[in-house]
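Engineer: So the sequences go chain by chain: G and L. Taking numbering that gives the first Met the number 0, the leading residue of the first sequence gets 0, the next gets one more, and so forth. Taking numbering that gives the first Met the number 0, the leading residue of the second sequence gets 0, the next gets one more, and so forth.
A few of these clues could be false.
[Claimed, not checked] With a Cα cut of at most 30 Å, we get these calculated BS3-like pairs of lysine-lysine:
no., chain 1, residue 1, chain 2, residue 2
1, L, Lys80, L, Lys16
2, L, Lys311, G, Lys80
3, L, Lys311, G, Lys311
4, L, Lys311, L, Lys389
5, G, Lys389, G, Lys311
6, G, Lys16, G, Lys80
[Unchecked claim] Coverage of chain G stretches by chain L, computed from C-beta distances (three or more under 8 Å per stretch; other residues unrestricted):
no., segment
7, 7 to 21
8, 37 to 51
9, 81 to 95
10, 116 to 125
11, 183 to 194
12, 225 to 232
13, 313 to 323
None of these hints come from the bench; they were simulated from the model. A virtual CB, placed ideally from N, CA and C, is assigned to each residue, including glycine.
There are 2 protein chains.
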Amino acid sequence: MPPFDRSEYLDRIAATKRRMEAAGIDLLLVSDPCNMNYLTGYDATSYYVHQMVALALDAEEPLWMGRAMDVACARFTTFLKPENMLGYPESYIGVPERHPMAYMAGLLAERGWNRGRVGVEMDAHFFTARCQQELMQGLPNAQFSDATLLVNWVRIVKSPQEIAYLREAGQIVANAMNAAVAMIEPGVRQCDAAAAFYQAAVSGTPAFGGDMPEGPWMPSGARTAAPHLTWTDEPYRAGEATNLELNASRHRYTAALARTVVLGEPPVEMARMIPVVVEGMNAALERARAGVTCEEVEAAWRTIAAAHGVEKASRIGYSIGIGYPGPSWNERTASFQPGNTTILEPNMTFHMILGIWMADWGFEISETLRVTNEGAPEVFSHVPREVFVKI
Amino acid sequence: MPPFDRSEYLDRIAATKRRMEAAGIDLLLVSDPCNMNYLTGYDATSYYVHQMVALALDAEEPLWMGRAMDVACARFTTFLKPENMLGYPESYIGVPERHPMAYMAGLLAERGWNRGRVGVEMDAHFFTARCQQELMQGLPNAQFSDATLLVNWVRIVKSPQEIAYLREAGQIVANAMNAAVAMIEPGVRQCDAAAAFYQAAVSGTPAFGGDMPEGPWMPSGARTAAPHLTWTDEPYRAGEATNLELNASRHRYTAALARTVVLGEPPVEMARMIPVVVEGMNAALERARAGVTCEEVEAAWRTIAAAHGVEKASRIGYSIGIGYPGPSWNERTASFQPGNTTILEPNMTFHMILGIWMADWGFEISETLRVTNEGAPEVFSHVPREVFVKI
Chain G
0 MPPFDRSEYL DRIAATKRRM EAAGIDLLLV SDPCNMNYLT GYDATSYYVH QMVALALDAE
60 EPLWMGRAMD VACARFTTFL KPENMLGYPE SYIGVPERHP MAYMAGLLAE RGWNRGRVGV
120 EMDAHFFTAR CQQELMQGLP NAQFSDATLL VNWVRIVKSP QEIAYLREAG QIVANAMNAA
180 VAMIEPGVRQ CDAAAAFYQA AVSGTPAFGG DMPEGPWMPS GARTAAPHLT WTDEPYRAGE
240 ATNLELNASR HRYTAALART VVLGEPPVEM ARMIPVVVEG MNAALERARA GVTCEEVEAA
300 WRTIAAAHGV EKASRIGYSI GIGYPGPSWN ERTASFQPGN TTILEPNMTF HMILGIWMAD
360 WGFEISETLR VTNEGAPEVF SHVPREVFVK I
Chain L
0 MPPFDRSEYL DRIAATKRRM EAAGIDLLLV SDPCNMNYLT GYDATSYYVH QMVALALDAE
60 EPLWMGRAMD VACARFTTFL KPENMLGYPE SYIGVPERHP MAYMAGLLAE RGWNRGRVGV
120 EMDAHFFTAR CQQELMQGLP NAQFSDATLL VNWVRIVKSP QEIAYLREAG QIVANAMNAA
180 VAMIEPGVRQ CDAAAAFYQA AVSGTPAFGG DMPEGPWMPS GARTAAPHLT WTDEPYRAGE
240 ATNLELNASR HRYTAALART VVLGEPPVEM ARMIPVVVEG MNAALERARA GVTCEEVEAA
300 WRTIAAAHGV EKASRIGYSI GIGYPGPSWN ERTASFQPGN TTILEPNMTF HMILGIWMAD
360 WGFEISETLR VTNEGAPEVF SHVPREVFVK I
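Start from the sequences, fold in the hints, and give me the full structure.
Structural biologist: If you want it as structure tokens, here you go:
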């Protein structure tokens with residue numbers, strides 16, 4: 000029932016255990032929903048309550064723990080044996096005095112996992128300060144260490160099946176981009192273009208459907224200066240730009256794609272910058288090859304930008320893969336930024352995004368790409384790499 | 000530009016400060032995206048990076064702090080003065096050695112907020128164990144205390160404008176329910192019904208559009224036994240049930256609505272239970288009046304259920320309001336559950352949900368409601384309170 004063979008999950012677990020051994024960790028507690036999905040297949044939007052996956056060096060399978068009612072979600076989505084899915088009772092819900100992590104610590108202790116070195120994802124979404132406090136109280140003989148990003152680094156190189164899902168997500172998000180761009184006309188409400196995006200991203204193609212998107216960013220007008228705004232129900236206006244940073248997902252594997260549409264001629268300053276950004280992006284894409292470092296990819300952009308007097312403080316991309324609405328498609332490992340010496344390997348996947356955000360305007364162009372064995376990267380969506388001008 | 004008058008934000012801040020004083024807190028650090036929105040208007044899906052709102056007893060306005068590029072998001076969405084929006088530099092992104100909370104602790108210290116009692120939301124989504132560690136290191140002369148849910152309790156009684164947005168969200172989610180139910184037929188793919196939901200939830204009505212939904216749950220067939228699954232791209236099948244737990248949002252105020260559709264006659268066991276659940280839900284709704292406790296509301300359901308031999312371990316509702324994809328529409332304060340003695344007050348709003356999840360089947364009926372001054376609650380969506388049978 001999960002989207003990968005059992006053997007692929009066991010490979011992921013073996014790779015994770017190797018990193019655990021290297022870090023001296025006996026028991027890894029995983030709270031990041033993406034990492035939980037990666038290790039077990041667990042795929043439910045239940046992470047608004049506490050839950051985790053425990054992987055012990057001495058156990059073949061991880062242990063899924065969560066709210067009792069969500070054991071059913073684990074049963075339908077993970078590859079785990081039934082005895083490896085355990086729930087905490089409803090009396091731990093909606094009662095701040097009782098914390099689910101205290102109960103889950105008890106389950107760990109029952110298995111003898113209450114001593115040795117315990118790795119927790121101290122900076123993972125949803126692993127709160129209280130979670131750590133409760134675990135430390137519940138497992139007083141364990142030594143805690145920070146294992147943030149341990150699983151994320153295992154995730155960075157994708158398998159053929161993961162690539163296949165990302166490629167499908169890339170097709171879907173290209174369709175969704177075309178649908179949104181087609182809708183944007185003066186007088187059309189922003190929410191109606193957003194609805195067209197969702198319709199296309201979720202319906203997918205005749206051959207395969209889309210999963211829950213992590214939500215688009217699509218500010219318009221002066222709001223294009225702000226990277227992470229959504230839409231309003233105001234109409235689009237002639238002369239204004241709209242940024243579309245969209246995404247689509249297959250079995251939670253997310254491809255992102257950004258473009259900007261202008262309803263009329265772009266303002267002079269933007270018009271001057273667009274060819275620089277496209278040229279810089281093409282140069283960075285061309286550079287994104289196996290053996291090159293992340294900072295060298297960024298430098299390819301930076302060199303061209305600097306030659307034209309363009310400065311951009313923020314990174315131009317990051318590793319991408321499993322994502323849940325949060326949003327979390329960013330794997331938080333390698334970034335295309337100065338100082339980042341991660342070496343690109345085949346089947347790493349990145350979202351390269353050139354976002355220009357000025358005082359009261361901005362535009363974005365992005366691609367989701369795969370580093371290849373053969374040379375230039377594979378790009379998952381095929382949409383003209385330009386700012387769309389609709390007159 | 001924010002959806003409420005400045006005076007309403009100031010009222011919220013005054014109410015929050017009263018709770019801070021009662022708890023002996025000089026400085027409150029708020030990381031929950033819903034609480035950040037509530038206190039400042041901040042409305043961007045940027046919470047995948049660390050950010051927070053700091054409210055000092057001695058300051059008129061809160062201070063918004065986040066990633067430098069997101070200061071623009073604050074500029075477009077909050078009521079704050081420009082000097083009360085501060086960014087941390089890009090060098091704190093994608094570099095685990097440097098943590099944004101360390102930088103933000105420095106900003107607090109610059110304002111003299113580095114001593115006294117500091118309240119943090121130790122169990123709020125996105126306030127990680129590392130966040131607390133960094134703040135404690137960065138503010139060594141402060142005393143930390145847990146202020147989880149402090150703002151959430153301020154949020155529980157809604158203003159007239161908040162109620163107006165929830166009422167609009169209730170209209171949208173009713174339309175979205177009708178659109179999804181209409182799509183569900185044998186042979187139609189689940190993802191295409193999900194797409195119809197999103198189209199309706201985001202497009203909204205001709206008078207007002209919808210915001211980003213927090214995402215529906217809509218499992219089908221045996222998967223209806225699991226509460227928090229989404230959809231697949233498999234076709235709906237004759238004889239099978241589909242649970243639709245949907246939501247729509249206006250300025251992030253979320254109304255939820257659940258119904259079940261069966262393509263054919265419901266199985267005998269389900270058919271026997273449906274009228275019990277509807278009767279029990281009606282009784283609980285009837286009981287949800289000002290002056291009554293949350294556990295008394297639940298007892299109204301439980302009494303009827305028990306008389307028919309029906310048991311349900313999980314709570315039947317919780318306070319609802321601002322929500323962001325996570326999902327987080329649940330305010331995490333009052334719940335309709337045994338032992339919960341919160342007394343209902345006018346303009347509290349709840350999602351009452353009767354979800355029945357058995358070994359391999361389940362169904363759900365829910366309403367988002369407002370406790371009134373007049374007697375029975377106002378229900379925000381008007382959709383027949385039944386299991387829909389499509390023959």
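Engineer: List in ascending order the numbers of the hints, as given earlier, that are violated by the structure.
Structural biologist: Violated hints: 3 and 7; rest satisfied.
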